[in-house]
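Visitor: Assemble the whole structure, with the sequences as input and the hints as a guide.
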Amino acid sequence: MAKPQIVKFKFPGSLEEMPLGPSAAAGILTEPNAGWRVQKPVVDHKKCSHCLLCWVLCPEGVIGKENENLEIDMNYCKGCGLCAQECPKDAITMVREGEADDQ
Amino acid sequence: MINKPKSSNLDFLNGDEAVAYGAKLCRPHVIAVYPITPQTIVVERLSEFIANKLMDCEYVYVESEHSAMCAAMGASLVGARAFTATSSQGLAYMHEMLHYVSGSRFPIVMMNANRTLAAPWNIFGDQRDSLAQRDTGWIQVYVENGQEALDMIIQAYAIAENDRVYTPVMVNLDGFVNTHTYELVDVPAQHEVDEFLPPFRSKNAIDFNHPRSFCMTASTEWNTEFRYQQQQAMNHAQEVIEEVDQKFGDKFGRYYGGLVEEVRCEDAEVVLVGMGSVIGTSRIVVDKLRDMSLKVGLVKLRFYRPFPAECFKGLSPRVKAIGIIDRDISFGYEGAAASDIKAALSSSGVGPKVINFIAGIAGRDITKENIEEMYYKLFNLTQGKDEQELQFIGLRW
Chain D
42 MAKPQIVKFK FPGSLEEMPL GPSAAAGILT EPNAGWRVQK PVVDHKKCSH
92 CLLCWVLCPE GVIGKENENL EIDMNYCKGC GLCAQECPKD AITMVREGEA
142 DDQ
Chain Y
1242 MINKPKSSNL DFLNGDEAVA YGAKLCRPHV IAVYPITPQT IVVERLSEFI
1292 ANKLMDCEYV YVESEHSAMC AAMGASLVGA RAFTATSSQG LAYMHEMLHY
1342 VSGSRFPIVM MNANRTLAAP WNIFGDQRDS LAQRDTGWIQ VYVENGQEAL
1392 DMIIQAYAIA ENDRVYTPVM VNLDGFVNTH TYELVDVPAQ HEVDEFLPPF
1442 RSKNAIDFNH PRSFCMTAST EWNTEFRYQQ QQAMNHAQEV IEEVDQKFGD
1492 KFGRYYGGLV EEVRCEDAEV VLVGMGSVIG TSRIVVDKLR DMSLKVGLVK
1542 LRFYRPFPAE CFKGLSPRVK AIGIIDRDIS FGYEGAAASD IKAALSSSGV
1592 GPKVINFIAG IAGRDITKEN IEEMYYKLFN LTQGKDEQEL QFIGLRW
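Sequences listed follow chains D and Y, in order.
Going by my numbering, 55 is the number at position 14 of the first sequence; the sequence numbering is gapless.
Going by my numbering, 1630 is the number at position 389 of the second sequence; the sequence numbering is gapless.
Take the hints with a grain of salt, since some may be wrong.
[To be verified] Computed, partial: chain Y to chain D, Cβ under 10 Å:
(1) N1445
(2) T1458
(3) T1461
(4) F1467
(5) Q1470
(6) G1555
Simulated from the structure, these hints should not be mistaken for lab results.
Remember, predicted model here, so these are calculated numbers, not experimental data.
Even for Gly, the Cβ is constructed at its ideal location relative to N, Cα and C.
Guide: Spelled out as structure tokens, the structure:
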């Protein structure tokens, strides 16, 4: 799955390391961007038929189908709920962050 | 200055046309401009050059001066050599973008036709427009005639794009007196300018393989460091300006003296300082008074930013009185150049007496008689007579 790399931002350590004008490398993430999520998807693997509709529709491409059970990368899921809305088996439930620990 | 051109291709041009030829010779990739009197001829000539396929350049006819500077910045951002030109109200309108360009370190060159600012509205020349942009972080140079205008457009790119500088340059011509006066101007050959000014290889451009964000926020913790860099670049520019003047002179035979030009100052008792077209008139007066055995000198302040403080510190112990001609006034105090020069003089520890002459406002002529009168007022000071520190020249009543 193509996801942006997390590259830790290194602040300039000297005048020589300062950029020429206020600019910095773009197209990278300095930290996971999941902090803005209010709800997270929880998959009931018993109900899941592995149709992969959620895998197709996920706007962030964070659903992994490599293993037997679908895996959601919570570092990148923004919690939009599209997968839960579209799942034909109602196998995905949106749970408010902090209210359920299991997935 | 020394003027011994190595080749001669004289054309009868006004100052605006000289600027257009200078810009053409620098091969800019993008020109983004909005016309305004008395800069308009620059815009007209450049658009003609491009329409007639004498220039290979993207010409962007923008909707305002603010947009002109935005477009020029966008061009510089992708590594293009960008040129623009404006005047007065237009310069005021692009004020915000001047900061963006200098702070983001884009080496854009702009011609400014010095014209007074409304109100009262007037299209004629004084330097209140550009001097009001003092703190925008742009290098500012003031030229005396069409030849210097053409030459300084070329030098401006060499200065701005220097690795140690990367700071935009504003080349100022007095409105009408310079912009619309026809003179014989030596137009260098393209291959000579190409040898002097290599193609622009921006080290501050967007690169698809190494994407960067530009013009971004710098937090309180980091903002000062960017400002320190800008100040350092201006300090380096002082050396680069002298180097470029030398290199230009070696190539084309015209040396302008770098930050300042001293005219007959060696043994001068009194000295006048001015910027722009007033220098041409003053040279004649200096020669006349020297013929009368009066020890007068003249300092042509070419660069206002970076400010050549060292020149005035050096002058300070040698002369008895200095007159500063300002084609502007900072209401409530004095002329802009006067404040800076007085600060430099006092920091040397020896303070000659100073008069600030406010003259040439909104195109009013500064005549030879006016300048002669200024010198006599300076001699009054050396003889112990009182003179007011700030004097309006040619005031009706």
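Visitor: Which numbered hints turn out to be false for this structure?
Guide: 3 and 6
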